[in-house]
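Chemist: One-letter residues, chain by chain:
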Amino acid sequence: MIDRLVGLICALIGAGAIWHAQTLHVPFAADPVGPRMFPTITGGVLILGGFILMLRPGPVTMEFGTWPRALAVLVASLIYPLLLLPIGFIAATSLLCFVAALAFHARPLPAAASAVATAIVFFVLLDKVLDLPLPRGPLGI
Amino acid sequence: MDAFAALLTGFQVALTPLNLGVAFAGVALGTAIGALPGIGPINAVALLLPLCFALKLPPETALILLAGLYYGSGYGGRISSILLNIPGDPGLVMTTLDGYPLAKSGRGAAALAISGIGSFVGGTSAVILMTFLAVPLARLALSFGPADYVALMVLSFALLGTMSEGKAVKTWIAVALGLLLAMVGIDGGTGVERFTFGSLELLGGIDFTSLTIGLFAVAEILVLAEGMISGVVSRTGSGARLSFKEILYCVPAMLRATGLGFFLGVLPGTGASVASAMAYTAEKRISDKGTFGKGDMRGLAAPETADNAAQTGSMVPMLALGIPGSGTTAVMLGAFMMYSITPGPLLFTQRPEVAWGLIASMYIGNLMLLVLNLPLVGLFARLLLVPAWILYPGILALSYAGVYAVSNSAFELIITTGIGILAYGLRKVGIPLIPLMLAFVLARLLEDNFRRALSLSDGGYEILFSTPTSIVLWLLAIVAIGLPFIRKPALHPAVPAAESGKAGA
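Those sequence lines, one after another, are chains E and X. Counting from 1, one number per residue, gives the positions in the first sequence under this note's numbering. Counting from 1, one number per residue, gives the positions in the second sequence under this note's numbering.
Careful, some of the hints might be misleading.
Subject to a maximum C-alpha distance of 20 Å in a straight line, what follows is the list of computed DMTMM-like cross-link-like pairs (lysine to aspartate or glutamate) [stated by the list, open to error]: (1) Lys245(X) / Glu201(X); (2) Lys284(X) / Glu226(X); (3) Lys289(X) / Glu246(X); (4) Lys428(X) / Glu226(X); (5) Lys56(X) / Asp31(E); (6) Lys294(X) / Glu226(X); (7) Lys56(X) / Asp131(E); (8) Lys428(X) / Asp127(E); (9) Lys104(X) / Glu246(X).
Treat the hints as calculated values from the structure; they're not laboratory data.
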């Protein structure tokens with residue numbers, strides 16, 4: 001069932017790629033092939049692969065562990081870029097690592113301690129030692 | 001001889017303090033990262049890749065570092081396999097078969113020692129083979145025209161399909177997806193925007209570092225967060241130390257495994273995991289008297305040796321042809337390209353300091369690894385005691401810090417996470433990530449050669465099949481594409497081919 005769905009999505013993406021390729025306008029013909037042919041062939045492979053998968057699906061065992069933990073890490077990862085510039089590397093990274101540490105079964109207090117330590121270590125290592133500027137945030141540290 | 005003189009100039013590059021230091025950092029970090037359960041060579045290389053660019057390391061230095069991480073992780077990977085029974089990546093599954101029983105019986109230290117020696121034998125012999133084979137292979141490729149290259153790349157995709165676990169069709173889907181992702185941005189030939197959806201940020205295409213970090217760091221952490229792998233750390237044990245007799249006993253197994261591993265590594269598309277699996281099976285067939293799987297030294301030495309020989313072997317086609325032999329070398333090829341260096345036939349004449357500096361550094365690196373991994377292995381084994389909740393959040397933070405350092409853009413982090421989500425989904429439905437990576441790296445080369453060939457013939461497709469080389473490569477590709485569809489279990493058909501290769505190597 002999952003394979004059939006994956007096949008369908010792949011075929012749709014392939015069709016989309018071919019459709020997009022045909023809309024490309026080339027101002028002047030530099031080579032006889034142009035930018036369309038390659039995406040068209042690739043889209044074709046994707047459609048073919050999608051159809052094979054739909055016609056001959058295999059058993060896919062979608063194994064999910066405790067997926068809310070992965071979701072927590074994911075949400076933290078999505079918020080992280082938004083916070084990075086406003087609050088600076090150390091604060092943002094501490095938050096990210098705190099959530100991730102909790103997701104990896106840490107108790108709150110050790111999680112917080114290791115998160116802050118990780119953030120500070122990487123800041124010192126990258127920004128101070130290796131001289132790669134990281135966002136400093138309002139406190140300027 | 002030619003190779004000796006070239007190698008000497010290589011040593012002049014590799015022995016500068018910076019490059020020595022970087023090689024040491026690479027192999028030490030590689031062993032450490034390789035030792036972590038769930039994290040393999042490709043993750044190690046992906047993790048440090050953005051830092052190389054952010055630090056603006058010279059190309060040879062960056063590649064010495066990345067290569068050190070790569071073959072260093074081949075040494076480190078065995079630690080968690082032997083002591084924890086958790087293979088860090090698919091290439092190490094075979095190591096657990098005889099390694100873990102040895103550790104359980106109290107001979108963990110001996111198991112680590114023999115596998116370390118095996119890794120050294122495999123790694124070093126493969127570097128020697130590479131020293132003498134890379135240039136002839138590159139010379140052969142000098143005569144390759146654009147059409148031959150197209151055929152060669154299709155063949156390497158096809159081989160990936162044969163070797164992959166699960167359905168071959170999913171490999172092809174992964175390849176197509178990788179090619180599509182690589183097309184995002186401005187087309188080099190005509191300046192037309194493709195797949196940018198009107199977004200300014202996508203004009204420059206998807207950044208290579210974001211893609212690797214997304215595929216091999218973010219997605220990995222998500223998977224790890226979801227189902228914690230856990231195991232009881234088995235002590236290195238107080239059993240008998242490794243005796244000299246036991247080492248000698250394993251030498252034939254190691255030599256066989258070196259040949260097999262190197263050959264399979266050089267073949268495009270087949271990496272260390274296939275090599276170690278075949279070395280184990282072959283060794284079992286040759287010398288098993290009911291002891292394999294219960295802690296036979298040879299059953300441990302063979303896959304470890306093959307694993308490291310294949311890792312180095314897979315660098316040969318990457319350097320000589322510009323076609324990577326494995327996922328990790330695909331990442332390294334991408335690194336070359338970011339330095340505007342094109343690996344391939346001309347690399348050895350145009351940028352000898354890069355090519356030979358890298359090869360020379362691998363002699364030094366393997367020696368360093370032997371020292372790091374025999375007396376100091378306990379230090380690395382202690383890494384297994386660091387709790388997951390410190391380790392993995394740290395890896396996540398380093399990934400994002402690296403992407404930020406190289407791009408200076410928070411938007412790039414969102415793209416990275418997006419790719420991570422995509423990769424997580426693909427893993428769940430069984431679409432492999434390594435072919436996707438390989439296709440992404442090769443896409444530009446493939447399309448350029450495709451278009452070059454067709455402009456030579458003014459649009460006639462017959463040119464793709466016009467040279468003897470290209471015809472042979474296409475035929476091989478067709479066989480490789482057809483195999484998994486004819487014979488159901490796609491994993492085994494390569495065994496006879498591998499054995500004939502062993503005889504030749």
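Chemist: Against this structure, judge whether each hint is valid.
Modeler: Hints, verified against the model:
{"no.": "1", "hint": "Lys245(X) / Glu201(X)", "result": "violated, 62 Å"}
{"no.": "2", "hint": "Lys284(X) / Glu226(X)", "result": "violated, 36 Å"}
{"no.": "3", "hint": "Lys289(X) / Glu246(X)", "result": "holds, 16 Å"}
{"no.": "4", "hint": "Lys428(X) / Glu226(X)", "result": "holds, 12 Å"}
{"no.": "5", "hint": "Lys56(X) / Asp31(E)", "result": "violated, 36 Å"}
{"no.": "6", "hint": "Lys294(X) / Glu226(X)", "result": "violated, 32 Å"}
{"no.": "7", "hint": "Lys56(X) / Asp131(E)", "result": "holds, 11 Å"}
{"no.": "8", "hint": "Lys428(X) / Asp127(E)", "result": "violated, 37 Å"}
{"no.": "9", "hint": "Lys104(X) / Glu246(X)", "result": "holds, 18 Å"}
Violated hints for the displayed structure, listed by number in ascending order: 1, 2, 5, 6 and 8.
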